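Residue numbers (this note's numbering), protein chains in the order written: chain W, 1 to 147; chain F, 1 to 522.
FYI, nobody ran anything at the bench for these hints, they're computed from the structure. These figures come from a predicted structure and were not determined experimentally. Possibly wrong hints are sitting among the right ones.
[What the hints assert, rightly or not] Residues from chain F shown here face chain W by an in silico Cβ test under 7 Å; the list is partial:
hint, residue
1, Val76
2, Pro78
3, Thr83
4, Thr84
5, Trp87
6, Leu88
7, Trp158
8, Thr335
9, His415
10, Thr418
11, Gly419
12, Ala422
13, Pro440
14, Trp442
15, Glu512
Ideal Cβ placement from N, Cα and C applies to all residues, glycine included.
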Amino acid sequence: MSRRLSGSGRTPATSASRTTFLTPLLLVALLLVACEPPADRAATQGDGSVVISAELEAPAAIGPAPLVVRLTDPEGNGVEGATVRVEGDMTHAGMQPVITTADAVGNGLYRAEAMHFTMAGDWVITIVVTADGKRSSGVLLVNVPGR
Amino acid sequence: MKGSGAAPRAATASAGGRVELPVSGPFVDQPRGFDLLRLPLLRRLARFKYARLMLQLPLLLLALFVILDGLTGRQVAPRNVATTAVWLHYRGLVVIALAIFGNAFCAACPLMLTRGPSRWLKRLLPRTFAWPKALRNKWFVILLLVPYFVSYEVFDLWASPWLTAWLAIGYFGAALAVDTLFPAGTFCRFVCPLGNFNFTLATVSPTQIVAVDPDVCRSCEHKPCLHGRETHVTSPRTGEAAFIPLAEITNPNGTGYFPGCETDLFVPTITSNMDCTYCFNCVRACPYDNVALSVRAPGRELGRAPWARRGRTAALALGVLLAYWGVMNALAMITPFYDLVGRLAAFLGTRNEALLLSVMYAAVTLTGAVTTLASSWLADRAGGKRSTPLQAFRRWGYVVVALGFSFWAAHYLFHFLTGALAIVPVFEHFFEYRGWLLDPNWRLAQMVPTRWLFPIQAFVSATYTAVALFVAARIALRDFGQRKWVLALWPMMLYVLLFTALQLIILAQPMEMRGTVLGPLP
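Please construct the entire structure, taking both the sequences and the accompanying hints into account.
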């Protein structure tokens, strides 16, 4: 009569094969735990030729939220003629981003009139600036209260 | 479906606790609905030796995208494959699959592809260890789920692609480690938080694995659905399972090794979808083509005390706690919750989010446990039974499992319907971020107009409230008879209706998506 067999007939591997397998595994594990998250969520990127600062014109609330962006060079002079794109994302997946542009109003100031918040919660506003063919970006974190 | 039309005679326990099985006819009370495996395509798919692999490979590919984009991609949740695929699509599709079919995501689970490496690694061990007896229940799963849910809120896993990727890596690592050290299937049954979430909520699914003809199972010598089989023309090759010659097999399905159920379910005695991964190993291993996937009423099993013989209190506790953790999961997205936590912070004099969220979790859990125990006890009393709260809970707790599915389904559907189409621009962004010339269409997100969302959630709530009430009525009729069942029913009916009212109030609140429960520092 045939029977279900237990798996006791295995041959233990030699310590050399164990080492061969476990050493790279350990190295990969060590490399992985040394990883750090990419820092683009809250960091300014670019070559430093443009300094980006931004603020909302009024306290954050659901609805229209015009945003003023100030672009300066390292000496503090306003940067003119830049293209400024504003992207508002929530911190939860699946939420449609708000994407608009900011228009120059002079003295290195740019205003994103169409910026608005569609929902309460945490927002990550990314300001992407293209000036003199160079691209820089900055991030503004905003909490929109529920009421 | 074939099989005897005789009324099912459930297995009974003797005074000594030994289970006595009937000598003919059904072993236990199994549904006798339409067998989905009679549908030609589904039948062929279920019996195809590599069917599971076929389902797993796309999800493995997706998991690789999740890990890659989570670790190296843009760390903004709505722009990253990790956070979008895991927290939006996986969760949404899980509840949809559970509602209309069954535990499809365990069937396609890519974590099980670690089986190959784990079998290889087992050879490096002197022996396979036995999973400790004390952990062979759902209490350990509950213990794992507590830090999992609290971490989800404290570390805003939903907002962090990087942590989401690590969570995926952790799952693969844990599956590999557990199933290397212990027998295959240990991870699914006793460890995996996702699997156990699916197992528990699959109890409301409209399908279940059953035996076509229980008498065929009774006369089956080797029980291949449980232990696996080997089939070749002449002699066994691997010695992994019973050898059944090709000539003795009704539906051979090819030759080779066919594994049995890794979570130790014996087809003719299955009374619940708990622990069933829908892997269809049993379908492929059965040499007599005697396994069916029966359609059944959602909630059918909950009205029949399915965990009385397997899982008992721990499985029931898992079901009830999942319901209340579902409440907490949705609560943590609305303004009144943040106000409450603000008051709690002022009262305790701390802004430590881990502490505050843990206190909130403990409060919701305690409230759920106490109200369920109290309502169950009241129902027993009203029906004239002098039970302890625990005995009453073992009778009525199943009602709450249906409510749990109601809450999770309504909540996850909201997110899914709000942003499911975003997967298109998110994948475009994956390649754009890595230098491809693509312009993602971020207008793609919502699947239905916003004004439809709450009515859909309310419909889901109403449907599973009806299921919960059906379960309660069935339990009342079963245990209290024609004279007292209405008396016994009313406390649980009140409980169900209050739970649903609370659910609708929470779902009707404007959603707020915050990573900081207390908001920014003033």
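Verification of the hints:
1. Look at Val76 of chain F: its Cβ gets to within about 5 Å of chain W, closer than 7 Å, so that hint holds up.
2. Below 7 Å, beta-carbon pairs count as interface contacts, and Pro78 of chain F has one with chain W at about 5 Å; its hint therefore holds.
3. Hint on Thr83 of chain F holds. Least Cβ distance to chain W is approximately 4 Å, under the 7 Å limit.
4. Annotation: interface hint on Thr84 of chain F holds; nearest CB of chain W at approximately 4 Å, less than 7 Å.
5. A hinted interface residue such as Trp87 of chain F counts as satisfied when its beta carbon comes closer than 7 Å to some beta carbon of chain W; here the least separation is about 5 Å, so the hint holds.
6. Interface hint status for Leu88 of chain F: upheld, as the beta-carbon distance to the closest one in chain W is roughly 4 Å, under 7 Å.
7. Taking 7 Å as the C-beta cut-off, the interface hint given for Trp158 of chain F holds, the closest approach to chain W being about 6 Å.
8. Of the supplied interface hints, the one on Thr335 of chain F holds, with its beta-carbon coming within about 3 Å of a beta-carbon of chain W, less than 7 Å.
9. About 6 Å separates the beta-carbon of His415 of chain F from the nearest beta-carbon of chain W, less than 7 Å, and the hint is met.
10. Annotation: Thr418 of chain F was flagged as interfacial toward chain W, and the flag holds, the nearest CB pair being 6 Å apart, inside 7 Å.
11. A distance limit of 7 Å between C-beta atoms decides the matter here; for Gly419 of chain F the minimum to chain W is near 2 Å, and the interface restraint holds.
12. The interface hint given for Ala422 of chain F holds, since its Cβ lies 5 Å from the closest Cβ of chain W, which is under the 7 Å cut-off.
13. For Pro440 of chain F, the interface hint is violated, since its Cβ never comes within 7 Å of a Cβ in chain W; the closest pair sits about 10 Å apart.
14. Taking 7 Å as the C-beta cut-off, the interface hint given for Trp442 of chain F holds, the closest approach to chain W being about 5 Å.
15. The beta carbon of Glu512 of chain F comes within 4 Å of a beta carbon in chain W, closer than 7 Å, and the hint placing it at the interface holds.
Hint 13 from the earlier list is the only one contradicted by this structure; the remaining hints agree with it.
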